[in-house]
Amino acid sequence: MTDDDFLELIGEVKRQLVSVGLPELADDDRYRIGEGAESRLPTPQEQLEKMLAAFERVIAIHDRRTITEAMNRIAKATEGPAPSGAVIVGLAREGDEVSEVNLLDAPDLSQVRSSTHELIGQLRETPRER
Amino acid sequence: MDKAAAEAKIKGIFGTYTSLVGSWKADGLTDGKLYELYVLSRVVEELASRGFRLQFIGTSLKFKAAPGYVHQADPHFDLFCPGAASPAFQLFTDIEIETLGSARLSHKDDGCHHELDIAVIDVGITGCRPTHEQVALGVECKAVAGFGKNLVREALGLRRELSLLAGEVPSRLAKALRKLHPLVPARPASELWVAFIDPKGRNYWRSPAVFGVDLRHWPPT
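Chains as they are written, first to last, in my numbering: chain Z, 564 to 693; chain E, -13 to 207.
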């Protein structure tokens, strides 16, 4: 693929990231190499890989497997009864009850994670045409 | 792989992600709190490996969107030194602490307390914020995809409000276990860890370490 092809794919990934509520991952500046005036953007191919890798890292946090493994790790390190669940207690709005989110209801994202990982590998092996 | 195949795969990945996570994530959930659970598990594991016995007090873990006072009725962990019948420390999540600066003031404002995502503090504190002297370990959890220097500066500010820079001594946790390590250049000798997911953060650890800020690259795997 050419640099223009990779740039078009970056554009598609950016659109998708914004649509799923992860606009911070669509910002080119996040993928700069180095600091300050000497920093530079990677090649389009490398940037595409880095954007997908960042997406992979973030979705790992949402994955039920990560949450289940964390609960198991806590149970293993704890004497006596381990926590039976984990919730996020939201901010109360005036007149409303405080909302709670059960983390054990998290979706299984293993398929999305493995597909993303596989795509990154395929893109890395794709020859860069000039 | 050609462009059309890559584009189809990208659309497929995000389509599947949206269908799986969309409604669940809309419930006020934040990446930060999810990452906090992961980091908590790593912290608890490390404290146990250092020699503490941990007991969970409560039924479920609770991560608060708004941090606040320590309450003994909130879920927490008691930390026991080997052979001890009573806890040496307690671990809470999402609490505020009184800053070192505020200890020198008679009038206080909103800058006199800071949040800690995970904190190991002295035993029995309730209905208030622990002082900087009552903190043995503070952990900040940074789930941001892009690690920046702003996070280092933020951690250094927190370090300053927990302790003064001093010669290296065993940390409060190490001392409780009668161990010589880890050493911290701080008085009071609290430890401060910053957990993060972006591998770029590994380029920033050296200077903060001089001040006792321990950067830890802990991405969920």
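In short, the hints are calculated from the structure, not lab data. Mixed in with the good hints, there may be bad ones.
[Claimed, not checked] Here are the simulated DSS-like cross-link-like pairs (lysine-lysine), alpha carbons at most 25 Å apart as the crow flies:
| id | chain 1 | residue 1 | chain 2 | residue 2 |
| --- | --- | --- | --- | --- |
| 1 | E | Lys135 | Z | Lys577 |
| 2 | E | Lys94 | E | Lys135 |
| 3 | E | Lys(-5) | Z | Lys639 |
| 4 | E | Lys94 | Z | Lys577 |
| 5 | Z | Lys639 | E | Lys135 |
| 6 | E | Lys(-11) | Z | Lys577 |
| 7 | Z | Lys577 | E | Lys165 |
| 8 | E | Lys48 | Z | Lys639 |
| 9 | Z | Lys577 | E | Lys48 |
[Unchecked claim] If you want the footprint, here are the derived chain E segments under chain Z, 3+ residues with CB under 8 Å:
| id | region |
| --- | --- |
| 10 | -12 to -3 |
| 11 | 44 to 55 |
| 12 | 95 to 108 |
| 13 | 122 to 135 |
All C-beta atoms in this analysis are idealised placements derived from N, C-alpha and C, irrespective of residue type, glycine included.
Going through the hints against the structure:
no., hint, in the structure
1, E:Lys135 - Z:Lys577, "24 Å, holds"
2, E:Lys94 - E:Lys135, "29 Å, violated"
3, E:Lys(-5) - Z:Lys639, "38 Å, violated"
4, E:Lys94 - Z:Lys577, "45 Å, violated"
5, Z:Lys639 - E:Lys135, "35 Å, violated"
6, E:Lys(-11) - Z:Lys577, "16 Å, holds"
7, Z:Lys577 - E:Lys165, "50 Å, violated"
8, E:Lys48 - Z:Lys639, "19 Å, holds"
9, Z:Lys577 - E:Lys48, "34 Å, violated"
10, -12 to -3, "holds (count 7)"
11, 44 to 55, "holds (count 9)"
12, 95 to 108, "violated (count 0)"
13, 122 to 135, "holds (count 5)"
This entry does not satisfy hints 2, 3, 4, 5, 7, 9 and 12, going by the numbered hints stated previously.
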